[in-house]
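Protein chains: 2
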Amino acid sequence: MASARIALDAFGGDHCPRHEVEGAVAAARAGVHVVLVGDREQLERELAGVADRGSLPLSIHHAPDRITMDDHPGRAVRAKPEASMPVCFDLVRKGEADAVMSAGNSGAMLACGLFKYRRLRGVDRPAIVAALPNAEGFTFVLDVGANVECRPVNFVQFAIMGAAYARFKGGRAVPRVGVMSNGSEDGKGTDLTRAAHELLGAHPSEDFAYVGYAEGKGVFDGSLDVVVTDGFTGNVALKVVEATGRLIGGWLRAAVTADLRSKLGALLLRPAFARLRERMNPDSYGAAPLLGVDGVAWICHGGATPFAISVALQQAARSVDEGLMPQLAEALARNAAVVTAAKDAARDDPAAAAARKEG
Amino acid sequence: MASARIALDAFGGDHCPRHEVEGAVAAARAGVHVVLVGDREQLERELAGVADRGSLPLSIHHAPDRITMDDHPGRAVRAKPEASMPVCFDLVRKGEADAVMSAGNSGAMLACGLFKYRRLRGVDRPAIVAALPNAEGFTFVLDVGANVECRPVNFVQFAIMGAAYARFKGGRAVPRVGVMSNGSEDGKGTDLTRAAHELLGAHPSEDFAYVGYAEGKGVFDGSLDVVVTDGFTGNVALKVVEATGRLIGGWLRAAVTADLRSKLGALLLRPAFARLRERMNPDSYGAAPLLGVDGVAWICHGGATPFAISVALQQAARSVDEGLMPQLAEALARNAAVVTAAKDAARDDPAAAAARKEG
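Protein chains in written order, with our numbering: chain U, 153 to 511; chain V, 153 to 511.
Please note that the accuracy of each hint is not assured.
When chains are identical, the list treats them as one kind, so a pair holds in a single copy or across two.
30 Å max Cα-Cα, derived BS3-like pairs, lysine-lysine [to be verified]:
1) K415 - K495
2) K340 - K246
3) K232 - K415
4) K246 - K495
5) K321 - K415
6) K415 - K369
7) K246 - K232
8) K369 - K321
9) K246 - K321
10) K246 - K415
11) K232 - K340
12) K340 - K415
13) K232 - K321
14) K321 - K495
15) K495 - K340
16) K232 - K495
17) K340 - K369
18) K369 - K246
If you are wondering where the hints come from, they were derived from the structure by calculation, not from laboratory data.
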């Protein structure tokens with residue numbers, strides 16, 4: 153089976169196009185077909201030193217413009233149709249690529265997904281899914297940035313998509329889902345989380361087991377497969393996790409180089425620390441798919457390293473080759489009645505919503 | 153100078169009254185006057201084995217009832233006036249103690265603070281302040297749980313109180329303050345954070361330097377002294393930090409015991425790891441003051457160990473002895489005009505608020 157072709161926005165990340173090109177070359181060497189999208193001249197220059205370029209499944213598609221981190225997502229996508237990011241989506245629409253990847257403006261990725269791919273049937277708001285390592289594997293957290301403000305029914309759709317993704321990634325058949333909250337008791341949370349908690353409790357799906365409120369503990373101890381939250385809270389949590397990891401990593405480095413005895417110990421621990429470093433390195437698992445649009449789109453960290461981009465390109469290719477989209481569409485179709493019932497309940501119950509507010 | 157007398161709710165935490173009693177004994181041995189508040193008979197039983205009890209500044213005040221984690225905060229405080237937690241506040245009001253500490257229901261602590269102490273002048277919403285370790289010292293994050301829903305002007309008051317607390321804890325004269333957000337650009341964040349960001353930018357105080365939006369990175373890299381946020385986001389972030397630390401701690405333990413070579417390395421690193429464990433242990437700094445009420449109240453984690461409670465009691469005593477309350481009141485008085493201007497701006501500008509919403 154030929155690998156999927158990934159249109160890589162080569163002018164997205166903080167270190168573009170160098171990191172993108174290096175990541176693309178590494179992924180191409182691993183067999184992924186990559187189309188580098190962006191200014192052809194600059195890309196040719198970056199590729200000049202790659203000796204085996206002729207043998208790699210790597211091509212360039214020229215795009216003269218770029219969307220920056222400071223651009224307003226929706227406006228930029230309309231105002232800059234020739235920018236590398238929207239051109240990537242056009243390539244997929246024309247059948248010249250199978251998926252898009254970018255380390256650029258994630259709001260613009262969402263806007264492109266909505267304008268160019270359209271929404272999947274059964275989805276009001278697409279979501280970005282982060283894989284956070286837990287004691288046993290991964291917990292999938294969504295949304296981590298697509299929707300700063302959410303409605304309760306969005307959480308039901310996030311649960312369906314998150315569960316489908318957890319299954320796709322090899323997790324259990326009926327993933328356990330929680331709603332991110334500031335406590336486990338029913339009365340905790342915001343108006344939004346309480347309403348989502350009630351909807352998820354009242355409208356069960358055969359596709360996942362709703363467990364209730366999740367605190368930080370539940371994200372990391374292996375007791376949950378999926379945690380649903382609004383894109384603001386999810387993004388803050390994700391960045392706090394990464395920053396905590398960096399802080400502890402720095403402490404650890406300082407501890408093992410403090411004196412000769414510690415340095416000797418660290419020498420003996422070198423293989424163990426290498427494994428630990430790999431576990432702690434978000435580059436190994438840090439790319440995130442945008443779920444809920446009718447096409448494959450992956451988002452990398454703005455600061456993504458070439459290694460991170462290479463891993464992400466391989467993940468994106470696998471998600472095409474192994475049929476993520478059909479599985480997602482099936483899960484949404486299977487749960488159409490659950491979503492409709494939840495929407496009706498949310499609509500019919502303004503008094504309950506007000507009461508919760510007074511609470 | 154005689155140390156402050158702390159009224160300790162001995163029936164608050166998950167392991168009460170054992171952890172409370174053990175923590176109180178340790179703090180009393182360090183010179184803190186502790187009044188254990190709760191069921192006298194049970195407390196006497198817990199203290200039975202303490203040989204030096206007679207020489208310790210430790211007493212019992214009987215309270216026949218208790219507030220549990222499942223109790224509704226506001227209702228419980230009214231319905232259970234004889235519970236150990238509200239009785240602690242009564243002791244301070246009667247002049248028989250100088251501060252309250254509890255590892256119990258933090259919502260009930262807030263309710264007690266509001267009903268029994270009243271609010272400090274210049275504060276609409278009290279806040280719980282967490283100290284998170286950063287690369288250079290601590291970042292103080294508030295609110296981490298008192299107010300699930302906030303208004304923009306609350307953030308201005310949190311900034312004033314957080315800056316006063318950072319100064320009290322020995323930080324720089326003009327602390328650097330950020331608003332927790334999902335990105336550093338002005339357009340990021342929710343309606344709430346954008347409005348708070350604008351208010352803080354437009355109404356500068358001589359007491360702190362408003363730096364702008366903070367992401368996870370800013371919390372931990374030493375570039376900020378204070379991060380203000382709503383109590384839901386702050387609480388989620390705090391719990392995610394703790395859970396990340398536990399996860400990495402578990403990985404580290406697994407790494408250093410994986411084989412003989414690693415175990416030998418770990419033996420050499422024992423002193424270094426002991427220091428690291430201390431840095432990573434939230435028990436050393438995990439107690440949090442409730443700021444904005446007219447009296448001293450400290451909150452511990454429900455699962456607090458005796459060590460954590462002992463450290464917290466000493467911190468609480470120091471906050472009384474070193475005059476936290478007068479410093480806080482002075483800071484609020486000094487910034488009364490800033491708060492008034494921010495309130496006027498927030499009130500006068502419903503159109504701007506709506507425009508932000510449309511965005």
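Hint check results:
no.	hint	verdict
1	K415 - K495	neither (60 Å within a copy, 56 Å between copies)
2	K340 - K246	neither (48 Å within a copy, 33 Å between copies)
3	K232 - K415	neither (53 Å within a copy, 58 Å between copies)
4	K246 - K495	neither (35 Å within a copy, 54 Å between copies)
5	K321 - K415	neither (39 Å within a copy, 34 Å between copies)
6	K415 - K369	between (33 Å within a copy, 28 Å between copies)
7	K246 - K232	within (19 Å within a copy, 69 Å between copies)
8	K369 - K321	both (22 Å within a copy, 29 Å between copies)
9	K246 - K321	within (28 Å within a copy, 61 Å between copies)
10	K246 - K415	neither (57 Å within a copy, 57 Å between copies)
11	K232 - K340	between (44 Å within a copy, 21 Å between copies)
12	K340 - K415	neither (47 Å within a copy, 44 Å between copies)
13	K232 - K321	neither (35 Å within a copy, 50 Å between copies)
14	K321 - K495	within (28 Å within a copy, 50 Å between copies)
15	K495 - K340	both (23 Å within a copy, 28 Å between copies)
16	K232 - K495	neither (36 Å within a copy, 40 Å between copies)
17	K340 - K369	both (16 Å within a copy, 27 Å between copies)
18	K369 - K246	neither (45 Å within a copy, 40 Å between copies)
Going through the hint list in order, the structure does not satisfy hints 1, 2, 3, 4, 5, 10, 12, 13, 16, 18.
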